[in-house]
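Dock chain C against the given chain B, drawing on the hints supplied.
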Amino acid sequence: MRTDNKEQVELFKQIRSTLVDISAEIEAELKEALTDKPHVDKISCRVKTIDSYTGKINKEEDGKLKYETPIKEIQDLIGARVVVYYKQTADEIFEYLSKYFSIVERTRIIPDEPSKFGYEGLHLVCFISPIIFNKYKEENLLPDFFELQIKTLYQHAWGQAEHGLGYKPGVKLETDEKRKLAFIAAQSWGADEILSDLYNRKFN
Amino acid sequence: MLTKNNFDIKFIYLAYVPPRHDEDQPYEIKTLLLRTNNKATEYLHNIFDVALNDGRIEISFTADDQQGNPFRENLINILKKSDNAQKKYHADKIAQKLYEVTDQRNGTGLLVIIEGEKAKSKRLVIVRFKGDEGLYNHGKRLKIDYLPEVFTKKSKHYKLAVFEDILTSKSFWKGHAVDKQISTNMHKQISDFWVSDFLSCKPAITSLQGTIQFSKIIKAVLVKTSDVEEQEAIISGVTNLKSKNVKRISLNDFCNRYLPQELTERIKSETKDDSFFNTVFDLENDTYRKEFGKTVLNLVNGITAYIPSFTYDKYVTEEDANGKKEITIRGRLASKKLNTETKSEKTAKSVQ
Numbered sequence: 001m002r003t004d005n006k007e008q009v010e011l012f013k014q015i016r017s018t019l020v021d022i023s024a025e026i027e028a029e030l031k032e033a034l035t036d037k038p039h040v041d042k043i044s045c046r047v048k049t050i051d052s053y054t055g056k057i058n059k060e061e062d063g064k065l066k067y068e069t070p071i072k073e074i075q076d077l078i079g080a081r082v083v084v085y086y087k088q089t090a091d092e093i094f095e096y097l098s099k100y101f102s103i104v105e106r107t108r109i110i111p112d113e114p115s116k117f118g119y120e121g122l123h124l125v126c127f128i129s130p131i132i133f134n135k136y137k138e139e140n141l142l143p144d145f146f147e148l149q150i151k152t153l154y155q156h157a158w159g160q161a162e163h164g165l166g167y168k169p170g171v172k173l174e175t176d177e178k179r180k181l182a183f184i185a186a187q188s189w190g191a192d193e194i195l196s197d198l199y200n201r202k203f204n
Numbered sequence: 205m206l207t208k209n210n211f212d213i214k215f216i217y218l219a220y221v222p223p224r225h226d227e228d229q230p231y232e233i234k235t236l237l238l239r240t241n242n243k244a245t246e247y248l249h250n251i252f253d254v255a256l257n258d259g260r261i262e263i264s265f266t267a268d269d270q271q272g273n274p275f276r277e278n279l280i281n282i283l284k285k286s287d288n289a290q291k292k293y294h295a296d297k298i299a300q301k302l303y304e305v306t307d308q309r310n311g312t313g314l315l316v317i318i319e320g321e322k323a324k325s326k327r328l329v330i331v332r333f334k335g336d337e338g339l340y341n342h343g344k345r346l347k348i349d350y351l352p353e354v355f356t357k358k359s360k361h362y363k364l365a366v367f368e369d370i371l372t373s374k375s376f377w378k379g380h381a382v383d384k385q386i387s388t389n390m391h392k393q394i395s396d397f398w399v400s401d402f403l404s405c406k407p408a409i410t411s412l413q414g415t416i417q418f419s420k421i422i423k424a425v426l427v428k429t430s431d432v433e434e435q436e437a438i439i440s441g442v443t444n445l446k447s448k449n450v451k452r453i454s455l456n457d458f459c460n461r462y463l464p465q466e467l468t469e470r471i472k473s474e475t476k477d478d479s480f481f482n483t484v485f486d487l488e489n490d491t492y493r494k495e496f497g498k499t500v501l502n503l504v505n506g507i508t509a510y511i512p513s514f515t516y517d518k519y520v521t522e523e524d525a526n527g528k529k530e531i532t533i534r535g536r537l538a539s540k541k542l543n544t545e546t547k548s549e550k551t552a553k554s555v556q
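Taken in order, these protein sequences are the chains called B and C. So in the working numbering, spot 203 of the first sequence is number 203, and the numbers just go up one at a time. So in the working numbering, spot 57 of the second sequence is number 261, and the numbers just go up one at a time.
With the rest of the complex left out, here is chain B:
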């Protein structure tokens, strides 16, 4: 049986500064790994905020708390993001980083149906490199993984703007709000498609 939330949050607070150090090292590793890759806009890495962690550990699944040992089970305590100009670059970097890192999950997130528009992105769940992890291994309860998202500028813009408005999965939206968000996602998708086409004409 899981200990109470207060204890879980306390545990997270205790390791958070170590996670910030690890996160900085992952960001540096990513920048080095992608140093020769063109059309990369931004590489960043962050640690979950205490508020966000607190919210996540209360998630339920089938009427039960989803995480028994949240600190070991939540795989995006550290989250990295690579934002690129073109869809082709995103694919190329997705393949490269799938080989560069040892990974346990590889997902292309697209809307459920072709006629729907919404969140899109390439996600990897990667092992923290032993070169980094072993420096901190004396610290108990560190996560083994970090989550890595690869997105185009337009996918990123849509995601950030939606997040900034406080919309999260499961939040009930008015029909009008849903249509507007889907419209922006469709516009972003369209922009990526056209850029992809121009990219092919220029480089292929």
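No lab work stands behind these hints: they were computed from the structure. Backbone N, C-alpha and C define an ideal beta-carbon position, used for all residues, glycine too. If a hint is listed, it holds; no wrong ones were tucked in.
Taking CB as the label site, the calculated pair distances span:
(1) C:Arg-461 with B:Glu-113: 52 to 62 Å
(2) B:Glu-92 with C:Ile-507: 34 to 44 Å
(3) B:Ile-110 with C:Lys-322: 43 to 53 Å
Relative to the frame of chain B, chain C by itself:
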């Protein structure tokens, strides 16, 4: 049953696993659960206690795209179940996997799975001893009385893997392994049969990460040394490694093989934390070639020079002279040969 390091041993499973038979019918693997203390358990407890120090190669389970690995699932199930019969069900699956990947070259093996726990941590140790025919010939079942003989005869030669973590749905992805049945040979630290074929694991560090880190450290030491002999030793080591077609290596192995002690110490201190020095990884050929390749300089006066790219900035100076580049190469002459053969003579020789 408590070990000397205060691990509470929950489960000891043995399976006698011969090379797989080609027949279609399933082969029944002989198994045994150890429940009482005796010489064999005492010996196994000792192996269990030192397993983390023993297993010097970091490994991680391979995964499909959605965090699946059947071997790991069996491992988790052994740890999760409280009933021995349930644990045995999953241990049998692991034994079956060993049977499927064992061929005549590997020979018969005695598989031992030991589970223990201390505070919130659980540890699972998997060992394969070279099988002893005596165990088999004494009857159809594994005979516990003969186990100490197996362990005393070949006690120091085994393959081992150890996994320790807090048990959750997302844990037990990483472990450590060692192969004490392999001769001290830098080109093969641990058999693929043990790590990839049986355990469904791979070195924890990817070939790209390892190769890039390796080259970063070698180049850093090279830049810092002004001793020409040391520079030559490093460059020759790097070139030799490439030509030997080595697949799996660690910095430690590289140093032992190619570098004097003093340089080894310098490389060790350049790694900052000791662990990468001993970390085994697979060399990634394209990256190695890119990191340690050659730059070919063609000069307008007909001279062609081949310079290792990683030492280029150190020994070659490029200066702008009226819009054209002047090149200066600096170095100590090691040998000078006059090549009098023409190209056609060379070709003729190689044809003969």
